[in-house]
Amino acid sequence: MAACAGAGPVLGMVVFQILFAGLNIFYKLAVSDGMDLRVLIAYRYLFASAFLAPLAYFLERKNRTKLTWRVLILSFACGLSGGTVAQNLYIAGMKFTSATFASATTNLLPAWTFVIALAFRYERLDIHAFSSQAKVTGTLLGIGGAMLLTFYKGVDITPWHSHLNLVATLAQRHHHHHLDGHVDATATTNYAMGSLLCVSSCFFYALWIVVQAKLSNEYPFHYSSTALMCIMTSLQSAVFALCFDRDASQWRLKFNIRLLSCAYSGIFASGVALVIMAWCVKQRGPLFVSVFSPLMLLMVAVLSSLLLGEKLHLGTALGAVLIVMGLYAVLWGKGREAAAEAAKVSVSDHPATTRDREEDDKQHVSVLVPPVANSI
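Take 1 as the starting number for the sequence shown in this note's numbering and just add one per residue.
These aren't lab readings, by the way, just hints derived from the structure by calculation. Take every hint as true, because none was put in to throw you off.
Dumping the calculated EDC-like pairs for lysine to aspartate or glutamate here, alpha-carbon to alpha-carbon at most 16 Å:
#: 1; residue 1: 254; residue 2: 36
#: 2; residue 1: 311; residue 2: 156
#: 3; residue 1: 254; residue 2: 33
#: 4; residue 1: 66; residue 2: 218
#: 5; residue 1: 95; residue 2: 36
#: 6; residue 1: 282; residue 2: 218
What follows is a set of in silico ranges between Cβ atoms, one per label pair, in the way DEER data are often shown:
#: 7; residue 1: 253; residue 2: 119; range: 36 to 44 Å
#: 8; residue 1: 343; residue 2: 218; range: 24 to 32 Å
#: 9; residue 1: 342; residue 2: 248; range: 54 to 62 Å
#: 10; residue 1: 341; residue 2: 260; range: 40 to 48 Å
#: 11; residue 1: 318; residue 2: 343; range: 37 to 45 Å
#: 12; residue 1: 250; residue 2: 341; range: 44 to 52 Å
#: 13; residue 1: 7; residue 2: 63; range: 24 to 32 Å
None of these values were measured; they are calculated from a predicted model. Yeah, the Cβ is synthetic: ideal placement off N, Cα and C, and Gly gets one too.
Using the sequences plus the hints, can you model the full thing?
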C-alpha cells in the first residue's frame, strides 16, 4: 500500500504530461485551421470552468471551507501567471522565433522552478548532502536531455511508417486562407525579442507552480481551487484576446477541429490535468512537478510521428535516456529527503523509546563484542 501511494504522484505526472502532449497536437491542428491561439486560450479556460465548477460544487460542498480574500487573490495570481501571462507570452515568442525554439525554452522550467522554490523556501539546498546534489544533477540532466532532443536530430530511427498527416490535410482543406492574401504571423522573426518572451513565459509558468503550492496549502480543495483559477484565467484571457482580435469569425465555433481543440484543451488539458497537478504539488512539492516537463517533448515527438507525419531521430532516443536519468536522480533525492524528514518526525514523537532502544543496542553490542583488553 505504501509503494502504491508513493507511485501515485509519479503516475499522475505521467498522465499530466500525456494530456499536455495531446494539447500541443491540438494547438498545431487549430493553427493549421487558421484559429487565433489567443482566442483558443480564452475558450480553453471557459470550457475548463464549465467542466470543473459543477464537479467542485458537488464533490467538495460538504468539506469545503468558506472562501477568503486571500484565497481569491491567490487564485487570481495563479490564473494571471500560469494562464494568461505565461501562455500568451509563449505564443508571442513562438511567432517571433519558431515552434522548435519556443519548445526548447520550456526546458528551463525545472531550473526556474528550483530557483523560485528556493527563494520561497519550498525547497532546500545543502550542497554537501547527496539528496541536494541528486536534485541539482537530475534537473541539469533533464534540461540537457530535452535540449538534445530538440536541437539534435541525427539519423532517422522511426520504428514505424505512418502516412497520416492531419496538419497537411487541414492545410489543404483550408488552403483558401492562404490564397486570400492573409499574412502569416510567424513570418516576422526577431530572435532577441522572441527569446526574451519565451524565457519570461517559462519564468511565469514556474512562478505559477510555486503559487499553486501556496494555494494548495491555504485551500486544500483541488477541484474548487482549480475551478477558481480557471474562472479567473477565462475572464483575463477573454479580455486580453478581445483587445487584439474582435473578428466574429475567430470567435465562432462550429463542429470542427476548432471546437474539438477548445473542448480537449479545456476539459482534459486544463480541467483534468490541473486537478492532477494541484494534487501532485500538494503531495510532493513544486520541483517534483516541474521536473516531469521534459517528458512532454518525448511524447510530442512520438505523437507527431504517428499523427503529423514527422520522423523520430537519434537525438530523440539520446535525449530520452538523459531525461529518464534526470527523473530518477531527482526522484531519488526527493525520496531520500522524505525519508530523512520521516525519521526526524519519528524521533521527535518517541524520544524516550528511541533513547531506550539506543541503550539496549549499546548493551547488546557490548555483549557481542567484548572489550579489546579482554580479547587480547
